[in-house]
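Engineer: Protein sequence lines correspond, in order, to chains F and Z. The working numbering numbers the first residue of the first sequence as -11 and each following residue consecutively. The working numbering numbers the first residue of the second sequence as 3 and each following residue consecutively.
Incorrect hints may appear among the rest.
Using C-beta positions, here's what the derived DEER-type ranges look like [as the list claims (entries may be wrong)]:
hint, chain 1, residue 1, chain 2, residue 2, range
1, Z, Arg114, F, Pro59, 41 to 51 Å
2, F, Tyr124, Z, Glu68, 49 to 59 Å
3, Z, Ala154, F, Gln112, 55 to 65 Å
4, F, Glu9, Z, Arg91, 31 to 41 Å
5, Z, Asp21, F, Leu42, 54 to 64 Å
Just so you know, these hints were derived from the structure itself, not from any lab. A quick note: this is a predicted structure, and the numbers were derived from the prediction, not measured. We put the beta carbon where it would ideally sit given N, CA and C, even for glycine.
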Amino acid sequence: MQEKKGVLEILLVEDNEGDIELTLVAFEEANIDHTLHVVNDGEQALDFMYGRGLFQGCHPPHVVLLDLNLPKINGKEVLKRMKSDEKLRSIPVIVLTSSYAERDILESYNLEADCYIVKPVDWQKFVETIKGLNVYWDTIARGPS
Amino acid sequence: MINEREAQLLEELKHLRKDFKDFCYRVSHDLQGSLRNIGGFVSLIEGHPTISFDDKSKRYLAFVREGAEKAQTLITGLTEYSVLLTDNRKLSTISLEEPFNLAMEDIGPLLRQRRGFVQTKFCPVEIFGDTDLLRKAFAYILNNAILYTRVAPHIDVTFERKNATYLISISDNGIGIPHDYHEKVFEPFERLHPAEYFSGIGLGLAIVKRIISIHRGRIWVEDNEVGYGTTIRMVLPLRA
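Same shape as in the complex, but just chain F:
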């Protein structure tokens, strides 16, 4: 049975402080009912999702926004581990890339990410992209409770 529309629990995995701030503001401008959890590296991302270490008591989010270039465990590794774990593989992962060129690498590695967002040059476009996430969430990402 589908759960009622609730608050979108998002895990943002990003190490650039500026990008984190811009993402927080973009979510506010996009007017999405959400809770944004932020971690700064791949190790913390996995700890959060497994509710261990510093993140005891945390639950896997509804969706993960994953930067690829991360300290400790990088984004590709986080994605691989998520997709090979029964508990985490169904969580939609939106990969954030910095530049168009990186698509070549992504495609060739076949990461099984659910979608890619190229961090846009233009601020307005970034807000629109985040607004699009709301549509994605409402139409595709919701699963049965």
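Following the hints, complete the assembly by docking chain Z onto the known chain F.
Structural biologist: Same frame as chain F, but now just chain Z:
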């Protein structure tokens, strides 16, 4: 048959190619991160509900933001060009139709926006090449033909078989390229017009030339017989 020294050099070359490519992506990624922050936060300041700016401040902020955006475009282009310098991908037999049709899709929105049209005289052929690279090359040339014009763009594309090669000609009705610059336009950063008239960072044709070189082809510019506009001609070999 290659000797041990040659094998060693080949191995070094392979590593160098990979290291260079990784370096380019790394530098590009880090620079893009900083530029994104500059552009993004300036936009936030510009649109801030409670801070007000006089006209001069607004102008200065716009310069900062546009500078950051331009730098981002430049870095993307540079990365693309740099990576092509060491590209050693294997070419294969492909239909020329595919990259051309894909390029036409890529430029479709801009063409419609500028109320232009493209007339094509096509004869299907298989050549030795790479679909992605040729798509990029065609898209760049078509894009230029659409942008560098003061009227609605009319573009003629013809494909002709000439012995063991294939000649592709793309003619436009645009502002033309002065004869003295027919070779220089293919060099990186050669821009012929002030930024306020026609935007462009001057890398597109350098990238196209690099792609045609990878295909062991040739590319050159000709003036149109009618007296205005430009024709870009490319010759590609049909087989390896």
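Engineer: The structure should be examined with respect to each hint, and the outcome stated for every one.
Structural biologist: Structure-based check of all given hints:
no.	hint	result
1	Z:Arg114 <-> F:Pro59: 41 to 51 Å	45 Å, holds
2	F:Tyr124 <-> Z:Glu68: 49 to 59 Å	31 Å, violated
3	Z:Ala154 <-> F:Gln112: 55 to 65 Å	28 Å, violated
4	F:Glu9 <-> Z:Arg91: 31 to 41 Å	39 Å, holds
5	Z:Asp21 <-> F:Leu42: 54 to 64 Å	36 Å, violated
In terms of the numbered hints stated before, the structure departs from hints 2, 3 and 5, listed from lowest to highest.
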